[in-house]
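J.: Start from the sequences and build out the full structure, keeping to the hints where you can.
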Amino acid sequence: MILSLKTLRKYEIHSFRGRWLIQFFRVSAVLLIYSFQGGGPALAHIIPKENLHPVTEAYRRSVFVLNLNPIAWDVVHRDAKTIAGYRSSIGFGEKKALGENYDARAVFRELTRDVSAICLHHLSNAVALFEEPEQAIEEVKKAQAVWMAFSEFLQKTDPDGYFRLGQSWLGMANALGSRGLLGIGAVEADREGFNRAAKGVIDYLESNFGKNYEPPKNGKLAPFPVNSPTYKPKARFALRLPPGNNINKQIPRPRQILNMASRGVDESDTPLIAVGDMAFDSAFIYGEPMRSIGMSCNSCHNKSITNPNFFIPGLSQREGGMDVSNSFFAPHANNGHFDPIDIPDLRGIRFTAPYGRNGRFASLREFARNVIVNEFNGPEPEPVILDGLVAYMNEFDFLPNRYLEKDGRLANETTPEARLGEKLFNKPFSQMGGMSCASCHIPSANFVDHKRHDIGSIEGAGSTGKDGALDTPTLLGILWSPPYFHDGSQPTLRSVVNWFDQTYRLNLKTGEIENLTAYLETVGGGTDPYEDTPYYLDAEMEEFYFFISAYEFLAEKNLLNAIDITFQTIALEIRNHKWELQDLQYLPVMEKMADVMDEAHAANQSGNFEQVREKVAEYRALYAENKEVLK
Amino acid sequence: MSMSINMKIISVILAAILTGAAAFGEETKDQTLNIAFISYANPQQVAYDSEAILKYLEPRLGIPVKGFITLDYGSSIEAMRSDKADLAFVDPLAFMMAHEQIGAVPLLLEVYQNGPSYHASVWVRRDGSAAKLEDLKGKTIAYADQVDMSGHLLPRNVFNRAGLLRGNRPEGNFFKQVYFAGGDEQAIRAVLNGFVEAAGISQYAYLLLRPEERDLVMPIANSIESPSHLIMARKGLPEEVREKLKDALLALDWKKPEDKVILDKLYGVRGFSAASLSDFSEVAKIAARHGFVKNPDLFSE
Chain A
1 MILSLKTLRK YEIHSFRGRW LIQFFRVSAV LLIYSFQGGG PALAHIIPKE
51 NLHPVTEAYR RSVFVLNLNP IAWDVVHRDA KTIAGYRSSI GFGEKKALGE
101 NYDARAVFRE LTRDVSAICL HHLSNAVALF EEPEQAIEEV KKAQAVWMAF
151 SEFLQKTDPD GYFRLGQSWL GMANALGSRG LLGIGAVEAD REGFNRAAKG
201 VIDYLESNFG KNYEPPKNGK LAPFPVNSPT YKPKARFALR LPPGNNINKQ
251 IPRPRQILNM ASRGVDESDT PLIAVGDMAF DSAFIYGEPM RSIGMSCNSC
301 HNKSITNPNF FIPGLSQREG GMDVSNSFFA PHANNGHFDP IDIPDLRGIR
351 FTAPYGRNGR FASLREFARN VIVNEFNGPE PEPVILDGLV AYMNEFDFLP
401 NRYLEKDGRL ANETTPEARL GEKLFNKPFS QMGGMSCASC HIPSANFVDH
451 KRHDIGSIEG AGSTGKDGAL DTPTLLGILW SPPYFHDGSQ PTLRSVVNWF
501 DQTYRLNLKT GEIENLTAYL ETVGGGTDPY EDTPYYLDAE MEEFYFFISA
551 YEFLAEKNLL NAIDITFQTI ALEIRNHKWE LQDLQYLPVM EKMADVMDEA
601 HAANQSGNFE QVREKVAEYR ALYAENKEVL K
Chain B
632 MSMSINMKII SVILAAILTG AAAFGEETKD QTLNIAFISY ANPQQVAYDS
682 EAILKYLEPR LGIPVKGFIT LDYGSSIEAM RSDKADLAFV DPLAFMMAHE
732 QIGAVPLLLE VYQNGPSYHA SVWVRRDGSA AKLEDLKGKT IAYADQVDMS
782 GHLLPRNVFN RAGLLRGNRP EGNFFKQVYF AGGDEQAIRA VLNGFVEAAG
832 ISQYAYLLLR PEERDLVMPI ANSIESPSHL IMARKGLPEE VREKLKDALL
882 ALDWKKPEDK VILDKLYGVR GFSAASLSDF SEVAKIAARH GFVKNPDLFS
932 E
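Heads up: the sequence lines are chains A and B, in that order.
Counting from 1, position 475 in the first sequence corresponds to residue 475 in my numbering; the numbering is continuous, with no gaps.
Counting from 1, position 285 in the second sequence corresponds to residue 916 in my numbering; the numbering is continuous, with no gaps.
Each hint should be verified, as a subset may be incorrect.
What the hints assert, rightly or not - Derived EDC-like pairs: lysine to aspartate or glutamate, alpha-carbon spacing no greater than 16 Å straight-line: (1) Lys557(A) x Glu319(A); (2) Lys49(A) x Glu843(B); (3) Lys697(B) x Asp714(B); (4) Lys627(A) x Asp538(A); (5) Lys891(B) x Glu682(B); (6) Lys557(A) x Glu375(A); (7) Lys249(A) x Glu319(A); (8) Lys592(A) x Glu625(A); (9) Lys592(A) x Asp878(B); (10) Lys49(A) x Glu844(B); (11) Lys886(B) x Asp583(A); (12) Lys427(A) x Glu512(A).
Think of the hints as simulated: they come from the structure by calculation, not from any bench.
As the structure is a prediction and not an experimental result, all values here were calculated from the model.
T.: What follows is the structure, encoded as structure tokens:
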């Protein structure tokens with residue numbers, strides 16, 4: 001938060017004593033309240049951003065990206081610049097920029113040496129400044145913050161060393177003593193103890209990541225402490241997304257319209273749709289790393305709608321998109337080149353075949369299987385899972401739009417600009433081969449033609465390549481799913497119109513561009529695109545209850561794996577969502593419901609089906625008893 | 632780290648643009664109500680957020696209301712001692728010391744989810760070996776800071792009350808090693824990462840962890856309830872102003888959207904509750920045991 005001058009004028013910062021004590025209670029209270037209100041940054045299922053030192057953030061992100069194929073060098077070089085800049089700012093002097101270096105191993109080696117040197121610099125400062133405890137504390141805090149660049153890698157590969165060093169950091173904090181409050185409670189500093197604790201960290205850093213550090217010749221690029229006597233070379237560590245990622249869902253949630261709900265259908269009569277809804281929210285239909293990260297279809301297609309915030313450094317070019325044929329999520333299906341795509345809106349998807357941005361899948365079922373198996377490394381899905389996903393996605397309706405007639409023409413009450421835009425939309429242009437916008441985006445056919453066209457928005461593999469054709473996307477609801485084009489390269493509908501005007505030399509006048517934009521905004525609009533509340537836990541709990549409504553159907557068919565997935569998904573979802581409770585006194589209820597699902601899963605795996613039935617009944621009873629307070 | 636740099640930058644800017652302490656003090660004496668807001672991590676944010684309560688109070692009190700930021704309780708108390716602050720947001724320990732030393736008056740307790748109180752807990756790893764206090768004998772524990780009610784004195788008292796800890800040394804004859812980690816987040820993370828077996832810190836410390844980490848720790852014992860953080864008033868603040876303040880702040884209703892905006896920005900509290908000296912009678916005894924309060928009878932019923 002940047003303070004305005006007006007605001008600054010009203011404040012004076014007092015630090016008569018400048019103690020380093022950071023009380024947390026109020027911070028906790030703020031977090032707590034944010035959890036309640038649902039609109040703040042600290043929502044629980046909404047993962048808060050890690051507060052990392054810029055060097056640590058840059059290093060961790062670089063390590064992630066340097067292990068990708070292909071490497072997003074722009075990300076690495078930007079982070080290398082951050083680290084080099086910090087290094088210079090603390091007096092190391094200028095260093096040759098890594099901006100032209102495309103040798104991953106060499107770049108990783110330099111970054112690791114630099115980060116280690118920065119941490120050592122702050123630690124040495126802390127030792128030297130011991131007589132000035134406030135400055136020494138600041139240096140320790142900086143050193144520890146930079147140390148975090150390495151620590152997540154050490155936790156698994158050298159747990160003993162990680163433990164020793166953890167105690168060293170605590171030892172340093174301890175040895176700095178306290179100045180007390182108003183002169184009371186002061187504790188004398190312990191120089192010897194401080195130096196001893198600091199030495200433990202300094203020695204470790206110098207021996208493992210010192211100025212002569214060389215990364216192992218083979219394998220992943222990561223700061224493994226190979227010179228530590230307690231290093232475990234065969235250890236594995238969990239895959240994590242890099243700093244700067246955002247897989248959080250939107251709040252308020254997009255409004256999802258299920259056709260069955262609009263028709264007043266009793267949900268308990270639609271078990272296959274319930275299976276699909278569950279699978280859509282499940283990390284367990286996928287393989288690693290999706291399961292560890294906890295991502296599902298819903299992460300990108302939040303409530304079936306484009307998640308405009310979705311971003312993973314190195315895999316996304318811009319928010320709301322990702323390269324889905326990458327080496328991180330499914331190395332076996334990596335296509336070896338960076339081709340991020342904009343996440344499509346799934347509203348009305350049953351009307352918009354074929355599927356995939358390039359329309360390579362004729363059916364939704366083929367498309368869904370490919371996402372599970374080849375984009376996100378899942379096992380071959382059971383037929384019931386695919387059937388369920390298709391049944392569920394077939395329920396996604398477009399937003400209602402009172403400005404559109406059923407045949408796609410504008411209704412009478414639309415603006416004059418939009419009506420002029422409609423005429424332009426239907427006008428053939430010789431520059432477009434005599435076609436109009438409406439030739440492909442057929443108003444009476446939900447603004448699609450079910451065909452693929454190369455409009456020149458994609459760079460093909462060669463000058464005569466035929467791989468630039470893309471599926472015609474619907475225009476319904478697009479106002480709510482920027483950016484546009486297959487790669488999200490057009491930020492607004494107006495920029496889309498401008499692109500066509502310039503690419504096809506349409507020579508549109510400014511007013512015509514505005515009219516056409518107004519038309520697209522009208523067609524792409526719709527009523528109430530978002531839910532009118534930031535609180536949605538009760539809706540989620542109701543949805544989990546819907547998931548389990550499929551139990552009898554699955555049990556009757558003896559579909560044990562799908563039952564397992566259902567229980568695991570509900571348990572994980574409840575644990576993810578429980579921090580959204582407005583009243584945390586009901587946490588034990590949600591924990592109990594998750595535990596019951598774990599027990600049902602265990603019973604199902606051991607073949608104790610009577611117990612499974614009991615646990616399902618127990619879950620339903622818990623929900624019925626508490627649904628009014630689980631919100 | 633960046634926070635500290637920011638604070639320094641702001642200090643420099645503010646030093647340049649403010650008219651100086653003398654003018655500030657005179658304004659206080661004359662007609663302006665000056666409030667010391669404590670910042671634990673981000674003074675810019677606190678400064679920005681506190682605008683809401685200043686705007687709320689000014690018309691209700693009928694006098695100018697201004698705020699300033701302190702980075703520690705000692706600064707708040709010193710500001711009040713020199714009449715530069717009429718009100719200050721403090722924790723119970725700082726208040727008791729301020730009351731004893733400069734006669735500060737308890738005005739309103741902050742209300743959290745469970746009311747105007749909170750407690751400390753002894754946290755362990757859920758998959759660790761300790762399930763009760765006795766299991767921690769010969770083990771390590773981290774507190775937040777030596778001078779911290781919920782991050783040291785209250786949890787230490789848990790062991791005193793259980794008869795496990797005696798004497799003046801933090802380790803007593805019970806712990807192998809006691810660390811003062813530098814804050815609640817550092818202490819709870821020390822438990823999470825297995826650097827220590829336990830942490831004695833606030834009941835809300837787990838909220839400083841990432842959501843997926845929170846279930847990995849659990850409390851095995853709680854301290855007595857302490858009055859929550861509070862607003863204290865300068866001894867000489869006119870009764871009329873105090874009463875108007877109380878009325879205005881007690882009227883804030885968390886359930887009203889317009890009030891909730893103000894409260895969310897005011898450390899995220901749910902409201903306020905009237906405070907009295909006797910609220911502090913039990914915690915004063917604990918503070919006295921460690922020398923922070925000389926006369927706990929000041930807070931007796």
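J.: Taking only the CA atoms, is the gap from Lys427(A) to Glu512(A) under or equal to 16 Å?
T.: holds (12 Å)
J.: Lys697(B) and Asp714(B) were given as a pair; does the straight-line alpha-carbon distance stay at or below 16 Å?
T.: holds (14 Å)
J.: Hint check: Lys886(B) vs Asp583(A), CA-CA at most 16 Å. Holds or violated?
T.: holds (13 Å)
J.: Is the Cα-Cα distance between Lys49(A) and Glu843(B) 16 Å or less?
T.: Holds, at roughly 13 Å.
J.: Sort out whether Asp878(B) lies within 16 Å of Lys592(A), counting only the CA atoms.
T.: With a Cα-Cα distance of about 42 Å, the restraint between Lys592(A) and Asp878(B) is violated, given a limit of 16 Å.
J.: Lys891(B) and Glu682(B): Cα distance at most 16 Å?
T.: Measuring from Cα to Cα gives roughly 14 Å; hence the hint holds.
J.: Would you check the hint for Lys49(A) and Glu844(B), treating anything up to 16 Å between C-alpha atoms as holding?
T.: This hinted pair holds, its Cα atoms lying about 14 Å apart.
J.: Is the Cα-Cα distance between Lys592(A) and Glu625(A) 16 Å or less?
T.: Within the cut-off at roughly 13 Å; holds.
J.: Mind checking the alpha carbons of Lys557(A) and Glu319(A) for me, to see if they're no more than 16 Å apart?
T.: Not OK: Lys557(A) and Glu319(A) at ~42 Å, beyond 16 Å, violated.
J.: Regarding the pair Lys249(A) and Glu319(A), is the alpha-carbon distance no greater than 16 Å?
T.: Holds: Lys249(A) and Glu319(A) sit about 13 Å apart, inside 16 Å.
J.: Are the Cα positions of Lys557(A) and Glu375(A) separated by 16 Å at most?
T.: Not OK: Lys557(A) and Glu375(A) at ~29 Å, beyond 16 Å, violated.
J.: Against the 16 Å threshold, does the CA-CA distance of Lys627(A) and Asp538(A) hold or violate the hint?
T.: Satisfied, since the Cα-Cα distance of roughly 7 Å is no more than 16 Å.
Of the numbered hints stated above, those contradicted by the structure are hints 1, 6 and 9, listed in ascending order.
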